[in-house]
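Sequences and hints are given; from them, build the entire structure.
Sequential numbering from 1 applies to the sequence shown in our numbering.
No lab work stands behind these hints, which were simulated from the structure alone. Be careful, since some hints might not be right.
No more than 20 Å apart at the CA atoms, straight line, and that leaves these computed lysine to aspartate or glutamate pairs for DMTMM-like [said to hold, decoys possible]: (1) K289 <-> E270; (2) K17 <-> E93; (3) K17 <-> D38; (4) K32 <-> E93; (5) K181 <-> E159; (6) K181 <-> D196; (7) K40 <-> E101.
Here are the simulated distance ranges between beta carbons [claimed, not checked]: (8) I288 <-> E239: 29 to 37 Å; (9) E270 <-> A76: 42 to 50 Å; (10) G172 <-> Y55: 17 to 25 Å.
Since the structure is predicted, the reported quantities are computational estimates derived from the model, not experimental observations. A virtual CB, placed ideally from N, CA and C, is assigned to each residue, including glycine.
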Amino acid sequence: PVDGVGLARMEFILAEKIRVHPLALIHYGWLKQKARRDAKLREIIRKIDAITLGYKTKRDYFVKELAEGISQISAAFYPKPVIVRFSDFKTNEYRRLIGGELFEPEEANPMLGWRGASRYCTPEYQPAFAMECEAIKRARDVFGLKNIWTMIPFCRTIEEGRRVLQIMEENGLKKGKEGLKVIVMCEIPSNVILADRFLEIFDGFSIGSNDLTQLVLGRDRDSAIVAKVGDERNEAVKEMVKRAIRACRKARKYSGICGEAPSNFPEFAEFLIKEKIESMSLSPGAVIKTIINISKKNA
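Structure, rendered in structure tokens:
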């Protein structure tokens with residue numbers, strides 16, 4: 001049965017609802033001053049002004065719009081858990097937001113670059129991450145949606161994990177307070193290799209099978225040329241997934257998966273059930289089909 005939301009992507013709200021790069025809102029005053037001599041900046045300022053019309057400040061716009069978007073999803077499933085992942089855009093995706101090209105580097109391989117926990121920990125992005133935290137806090141405190149959990153993507157090291165939790169706490173989101181759970185994506189080999197240590201500081205794993213597959217097999221998931229090398233059904237990938245789930249069971253922590261594999265491959269969903277994973281996040285079109293397949297296998 002559908003028992004909540006295993007992955008609510010904050011970046012979808014950023015792209016479709018907010019549309020402006022968070023740092024362009026934070027540094028609006030500086031941009032407006034520079035725009036006096038730059039036609040391109042004047043156009044960016046014009047767009048920002050039109051979008052944020054009626055809000056007291058640009059920060060107010062970001063926090064309230066993001067909190068509203070998160071709350072719409074969470075209220076629909078209340079009181080069941082809704083796991084909201086902090087923004088996981090890559091630099092090339094952030095550049096598409098209004099003003100994004102002013103704050104994002106051009107990376108050769110954004111998939112392995114400035115993203116996830118590493119981004120939140122850098123001085124450049126910390127003010128924007130603080131706004132993300134404020135939006136979550138508003139949804140939980142003002143709207144009373146305590147069913148919201150949070151999730152950290154692409155956390156490369158234990159040290160990064162600790163630092164992100166510290167920044168969250170500094171911005172009013174303390175793990176464990178009023179039932180707040182903080183899950184970490186398990187999508188990098190280091191997450192599996194050091195699973196016990198990651199699970200000491202986080203409340204569980206949500207396995208990101210898309211990224212885990214590309215990093216275990218050493219293939220760029222955006223490259224069509226090497227796409228046939230293997231997918232989540234590869235034995236090496238399944239071994240990593242198995243170890244992650246078992247580490248969660250040993251630590252008595254949450255285990256879930258939010259990649260596309262359970263939706264795309266019925267046999268992979270069966271493998272996850274056999275390993276006693278707690279939850280699977282499925283694409284809407286695959287929910288009924290997957291439930292029927294699993295029911296038949298366990299009949």
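Cross-check of the supplied hints:
With a CA separation close to 13 Å, the supplied pair K289 and E270 stays within the 20 Å bound. Distance check on the hinted pair: K17 and E93 sit about 15 Å apart at the alpha-carbon level, within 20 Å; holds. This hinted pair does not check out: K17 and D38 have alpha carbons roughly 27 Å apart, beyond 20 Å. Straight-line distance between C-alpha atoms of K32 and E93 comes to about 24 Å, which puts the hinted pair past the 20 Å bound.
In summary, the hint linking K181 to E159 is supported, as the alpha carbons are separated by about 19 Å, within the 20 Å threshold. Between the alpha carbons of K181 and D196 the distance comes to roughly 17 Å, so the proposed pair stays at or under 20 Å and holds. For the proposed pair K40 and E101, the alpha carbon gap of about 11 Å is at most 20 Å, so the pair holds. Range check, I288 to E239: about 30 Å between beta-carbon atoms, so the 29 to 37 Å window is met.
Checked against the hint of 42 to 50 Å, the C-beta distance between E270 and A76 comes to roughly 29 Å, which is inconsistent with it. Against the hinted window of 17 to 25 Å, the Cβ-Cβ separation of G172 and Y55 comes to about 21 Å, which satisfies the hint.
In summary, the structure is inconsistent with hints 3, 4, 9 from the numbered list given earlier, while agreeing with the others.
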